[in-house]
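Chemist: Take a look at the letters that make up each chain.
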Amino acid sequence: METTSSESNGHNGHHRHMPEIGEYTAQVANEEIRAWFGAPGSWHGKALFVAGALLVAGIVAFVIRASSDGFDERGPWAYYAAGFAFLLTTVGSAPLVSVALRMSKAHWRRGLSRLSELFAISSIFMLIVYIPLPFMLPVVDDRPSLWINWHGHAPHIYDSMLLVTTVLCGLAILLIGARPDFAALKHETKGIRRWYYSIIGGNWKGTKKEWQRLRAAQGVLGGLYFMMLIFTQLIVSSDYALALIPGWKDSIYPAFYSLTGLQGALAVTLIAMFWVRRTGLQRYISLDQFWGLAKLLLATSLLWFYFWWSGFFVFWYGRSVAEVGVLEYMIKGAYLAPFLGAIAFSFFVPCFFFLIWNPIRKSIRGPAIAATIVMLGIMFSRVREYVAAFSIPKGMVGSTHIEGILGTNTPDAIDILLLLGILGGSAFFYLVALRIFPAVNIWEQREFTLLRKVRPYFKRYAVVLGKPD
Amino acid sequence: MQERREKTESQINTDLLSAMLDNHLWFWIVLAGLGLVILAGAAAAGYMFDRGLGVTGLNRPVFWGFFITNFVFWVGISHAGVMLSAILRLAQAEWRRPATRAAEVLTIFSLATALIFPLLHTGRPWRVFYWVGLPILPYDLSRGIFQNVRSALLWDPSAIFTYLTSSTLFVFIALVPDLAVARDRTTGWRRALYATLALGFRGNARQWRLQAIAGILLSALILPVFVSVHSIVSWDFAAAVSVEGWHQTIFAPYFVIGAVHSGVSGVVTAMILMAWLFKWQDYIRPEHFDALGRLLIVVATAWFYFFFIEFSFGLFSQEPSEIALRQTQVFGQPWGWMYLTFIMASYFIPVPLWMFRRVRRSLVLMFWTTILVNIGMWLERFLIIVPSLMRKQGLTFVWGDYNPSPIEVLLVAASFAVVLGGVLLFSKIFPLIPIYDAKEGKYIEAEIQVGRRTVPAVIREE
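Chains as they are written, first to last, in my numbering: chain A, 1 to 469; chain B, 1 to 462.
Simulated from the structure, these hints should not be mistaken for lab results.
It cannot be assumed that every hint is accurate.
Claimed, not checked - In silico DSSO-like cross-links for lysine-lysine, where the CA-CA straight-line distance does not exceed 27 Å: (1) B:Lys279 <-> B:Lys442; (2) B:Lys442 <-> A:Lys467; (3) A:Lys394 <-> A:Lys332; (4) A:Lys394 <-> A:Lys362; (5) A:Lys209 <-> A:Lys186; (6) B:Lys442 <-> B:Lys7; (7) A:Lys209 <-> A:Lys105; (8) B:Lys439 <-> B:Lys428; (9) B:Lys392 <-> A:Lys467; (10) B:Lys392 <-> B:Lys279; (11) A:Lys362 <-> A:Lys467; (12) A:Lys459 <-> B:Lys442; (13) A:Lys459 <-> A:Lys362; (14) B:Lys439 <-> A:Lys459; (15) A:Lys467 <-> A:Lys105; (16) B:Lys7 <-> B:Lys392; (17) A:Lys105 <-> A:Lys332; (18) A:Lys467 <-> A:Lys295; (19) B:Lys428 <-> A:Lys467; (20) B:Lys428 <-> B:Lys442; (21) A:Lys362 <-> A:Lys105; (22) A:Lys105 <-> B:Lys439; (23) A:Lys105 <-> B:Lys442; (24) A:Lys459 <-> B:Lys7.
Quantities reported herein were computed from a predicted structural model and do not represent experimental measurements.
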């Protein structure tokens, strides 16, 4: 359809600056996104190779660790557990970015919604990583738990069910949102692609009723995903971290964990946007998207400190034996280094060196660098919490407080390979997903061209954004 | 969806200045009624000062009752101002425009009212000097008594005063262009007052730019103050190790989000009253309540999440005393029915109703559901304070009950009259809907054609 060029021709002699945002049509969007999807470039193969190599290294490390230490003791698997917890608060939460922005009807989400939903595919890898962890968890009889009097193996079964449901929900959001694109693409492809595009795209015709159903499904699934994710994070954080450390009765921790999940989701989406943008699609993944996410990343990074401080302050003020023991173990003593890393990289450096400054926040590189730093901070956080929890001696779990001075569980080569394998695996799954789904939602871009016009406004041009509901 | 009403700038001036410049009989009747309640409250306070705190229901071990509940409640209501004004301004939410001033004014009057209650609670308000040790009145410093700077009780008034000062400044900065309009349309003492307060505002480009920058800067600067106020109030409780149910790390964000829930509901109630009383339906429209209703669903659900964690972590460590407290709150009488009322009124009745667009756009239903929320939130604070204190552990040798006396009930009623009367008086002197904001909103409203449909739109300058 006609958009801005025709409107700009008739202006009245003022030297107006025509904003770049309006200079494409639905047809252009359609062609450019399809072209990128058809041939993303040689970088994709190289990245896939590196991620695959890391994944293989991780699998080898997993086999070595399993054969040498078995699954009876939790200590040797501490970094593995931290890796899983890291995935849950980054790639495992990433579809939330799309869900939240769609719910708030933010127009600028359109360039990034598919990139965030694609992490649902990486979440499948997260589920695979999770498989051995329930076997290492003690039953609820021996420790504090939210599963009050649900004896036996309550956390194992219910934690797993929740995690699986959350991942399935994320996948459903991705697949339902991809139906119109797949229905359009199925006619242009052959072989296996045509087969799965036909299955997922179904007999989508684009009738009014189908669009209404699509929006209703996105709304319902979005709400469900949000609730499931928050509840999963609540029970995973309480069963796999809080409950294992004697005296760590910290009600803000699940909320803190969910907050870092949102922070991680924003960070990982920003990183994906940055790398995809470098290989094309600059028109759709533009400054608007980086700026929007950077503001949210700044807010979550500031909240990171607020939530941490709220927890720390009450423990420091309480000074019971249990509270002093937890502070000594997780902040002052054995895990001082990861704690410093977490506070520096999750809060201090991204906020005060990057995101608080307008020119950096409103740029492409600034938010991407800040996001990478935040990811590092989240990794330090997960190491501090989950390695500390998994390293508690078996006999001490369920005690009222930490007895004696506990040492640091420092990573060995296998632990590092396991972590690299976890990172590589999730990247591998994401890269594969980029070849199955167009990186930018074609139908959302087409819709956007209908709702956005560029008009003369006094002596300048302005973008007019339609708000249909 | 925006439902535009075409108004000229002159009509906007006339409509929005009408509350200030026209005389309405109902205004004086309502004000007189509220004045009577305030007088009754003042008499009750005088009686209490004369006879001592024995005339209240406070007794061992429950020394925090209605007064502190009411203090927390009004601090909570005050959180609406920043939430609606600063955050929505930074987020460029168009529908904020008619709500911001009412929210800010509610913040100021509720904070000022909240501050009265710790003073009343002392029983001897003049002894407040004993707490604060002002340099000009070195009564206690000369006796070697110093404040405990680590106490949340010291930081509480500090944070509230900072918030009150910054909120007043926030309202004033936003008022300047409207004061200039009022200056140009009044005579006599009013003109002198507005001319002084308008600071020579003429509406030139530089003044507008400065006004906008000041607004944005204040919006950003006030956010940490906003968060700190209720966090510090929450630490009044959380720092008390010996009271069951209070020593929880989640209290700070739980109190803040509860305050926002309560405050935004309070603003919706106030806006509906404004629309009805001043006949401002052209400015305060169903679309605004629709957006506020959606915001309330999000805020209420976030609050419920924190409430759920707070409650369930009471049971997490499975300590018998914690379990007993929760049983008292939920099943013990009279707390049980209050608990049920609180949870139904704060969440389970209003939120499912707000899911329906028709409810969100109905002024009557929004009025009653938001009133319900604040009944629930008042009860929430009461249920946090009293049942826990009744079961206070450690040095306590008495387990007692708490029955509020008529003096306390009167003072609580008077606090509502103070806030309502304050907002009403404000509306007589200053415009309660920002005039310049209403005009600005008019300029950035637009429409676009999508196929056969005309879609409301907003203009974003690039």
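Chemist: If a hint holds in the structure, say so; if it does not, say that too.
Modeler: Each hint, compared with the structure:
1. B:Lys279 <-> B:Lys442: Holds, because 19 Å separates the two Cα atoms, which is no more than 27 Å.
2. B:Lys442 <-> A:Lys467: The given pair, whose Cα atoms are some 16 Å apart, holds under the 27 Å limit.
3. A:Lys394 <-> A:Lys332: holds (23 Å)
4. A:Lys394 <-> A:Lys362: Violated, at about 50 Å.
5. A:Lys209 <-> A:Lys186: Satisfied, since the Cα-Cα distance of roughly 21 Å is no more than 27 Å.
6. B:Lys442 <-> B:Lys7: holds (8 Å)
7. A:Lys209 <-> A:Lys105: holds (21 Å)
8. B:Lys439 <-> B:Lys428: holds (21 Å)
9. B:Lys392 <-> A:Lys467: violated (55 Å)
10. B:Lys392 <-> B:Lys279: violated (51 Å)
11. A:Lys362 <-> A:Lys467: It holds: about 24 Å lies between the C-alpha atoms, which stays within 27 Å.
12. A:Lys459 <-> B:Lys442: With a Cα-Cα distance of about 18 Å, the restraint between A:Lys459 and B:Lys442 holds, given a limit of 27 Å.
13. A:Lys459 <-> A:Lys362: holds (24 Å)
14. B:Lys439 <-> A:Lys459: It holds: about 19 Å lies between the C-alpha atoms, which stays within 27 Å.
15. A:Lys467 <-> A:Lys105: Holds. A:Lys467 to A:Lys105 sits at ~9 Å (cutoff 27 Å).
16. B:Lys7 <-> B:Lys392: Roughly 61 Å between the alpha carbons, so the hint for B:Lys7 and B:Lys392 is violated.
17. A:Lys105 <-> A:Lys332: Violated - the C-alpha atoms of A:Lys332 and A:Lys105 are around 44 Å apart, more than 27 Å.
18. A:Lys467 <-> A:Lys295: With Cα atoms ~22 Å apart, A:Lys467 and A:Lys295 stay inside 27 Å; holds.
19. B:Lys428 <-> A:Lys467: violated (36 Å)
20. B:Lys428 <-> B:Lys442: At roughly 25 Å apart (the allowed maximum being 27 Å), B:Lys442 and B:Lys428 satisfy the hint.
21. A:Lys362 <-> A:Lys105: holds (21 Å)
22. A:Lys105 <-> B:Lys439: holds (25 Å)
23. A:Lys105 <-> B:Lys442: holds (22 Å)
24. A:Lys459 <-> B:Lys7: With a Cα-Cα distance of about 24 Å, the restraint between A:Lys459 and B:Lys7 holds, given a limit of 27 Å.
Consistency note: the structure conflicts with the earlier hints numbered 4, 9, 10, 16, 17 and 19.
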